[in-house]
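Residues per chain, in single letters:
There are 2 protein chains.
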Amino acid sequence: MKLLITAGGTSEKIDDVRSITNHSSGRLGAALGENFRALGHEVTYVTTKSAVKPQGITPILIESAEDLAACLTNLLQQEKFDAVIHAMAVSDFTVAKSFPDTEFIAALQTNVEKGKTVEESFKQLLADSQSTAKKISSQAEHLVLVLKQTPKVIGLIKKLQPTTRLIGFKLLVDVEPSELIQVATASLKKNDADYIVANDLTEVAPQQHHAYLVGPRGVVAEAFTKKEIAEMLQRVLEEEAK
Amino acid sequence: MKLLITAGGTSEKIDDVRSITNHSSGRLGAALGENFRALGHEVTYVTTKSAVKPQGITPILIESAEDLAACLTNLLQQEKFDAVIHAMAVSDFTVAKSFPDTEFIAALQTNVEKGKTVEESFKQLLADSQSTAKKISSQAEHLVLVLKQTPKVIGLIKKLQPTTRLIGFKLLVDVEPSELIQVATASLKKNDADYIVANDLTEVAPQQHHAYLVGPRGVVAEAFTKKEIAEMLQRVLEEEAK
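Note that the protein sequences, when read in sequence, are chains A and B. In my numbering, each residue carries its 1-based index in the first sequence increased by 1230. In my numbering, each residue carries its 1-based index in the second sequence increased by 1230.
None of these hints come from the bench; they were simulated from the model. Heads up, none of these hints are tricks.
Chain copies aren't distinguished; within one or between two, either way the pair holds.
In the DSSO-like style, the derived pairs of lysine-lysine whose C-alpha atoms are separated by at most 27 Å in a straight line are: (1) K1382 - K1419; (2) K1382 - K1283; (3) K1388 - K1310.
Start from the sequences and build out the full structure, keeping to the hints where you can.
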């Protein structure tokens, strides 16, 4: 099979020296890549500079959610993949604007005094052009960062290549299994995924990784280590490829 | 000599899966650590999980600016160091509060309608207790993060151990050398440092690293690679130790 795997966590720049980073060691993706490669499958691997890399695979490196969207669009338009395993933790938000608190408050106050609502004033502040700082000042007592949603990368995959199989991931933190599976099922439907690997951060560690494999009709498998997750995905992909 | 070296970049949690991270590969610190260790000096090394580590030294790992302050306070109260080389890029800001935009706007609007100023409303919003999210919702169109200043770690060092020599670092982005040296000199005076290594991000790369060594009477040396920076610091510390 020809596989596209994404892994690691994206970063969104605040300025030249600071970013908002999604934590993801990349270890699970590396285990998946190595496992599929050892079985003779062809793996295209997209990850980030700081992630753990799979042995024997030259990765494509990206940084932000926007980079990832561009990279996957390019790959999926040029090559046909039997499956996409999208394990990367993608930033939901990127930085729209940053303000020292005093500047932010003064701008809102000026508009409010002109009779505008806080909402109108806030929107105008976002709309006003402002160049991104090279390095934000460290003088202000508080800093206000306004973040905006990034494009949902997982939703692009089946639109760009409807024939591929898509395995997505859903990570929640300290929830009941029923909620985790419900949220994973919603993601599966919304993104036209074939399976979602549903996991909870409280059950993820280097040597342990509990996950449910959620399909259109509910949970079809369960795994307790990264190696077991790799074998679980291998089973469903090879089974359906027959 | 007995040296304390800090290196890498701290991270400040937004929630359990996202952080604001200061970029710093840790390569310069690793080069410094290895160089001083090879010369027979005793090195205590504080860094972060993701930083490049020096060979042959077991580091103490910290994550946030607050962790670092606690770690250095502990070390400087217990042990006497001939010098502290504080190369770590420490977060200036940590997350005070996060709000979905709608909630933030509605709270300000309610207070403004009661006759409060935007500033009073903003301060009240920050003062209101709110538990930190385990994972912030990805539903809001915009998210407002209010950041607050972290304690200035470099300022603690000479207060805790007045007899040590302190070498600090100042990184700016794309400025004239005169401005860089001026800002470094101000940092030297403010933090009672003996030297500041002043560098510009546009001149920092794995194989190249331009830096000025700024002392109380101005620039005393200049280096162009990480190895040269290590040798430059070694010269001034060994010279003065005589």
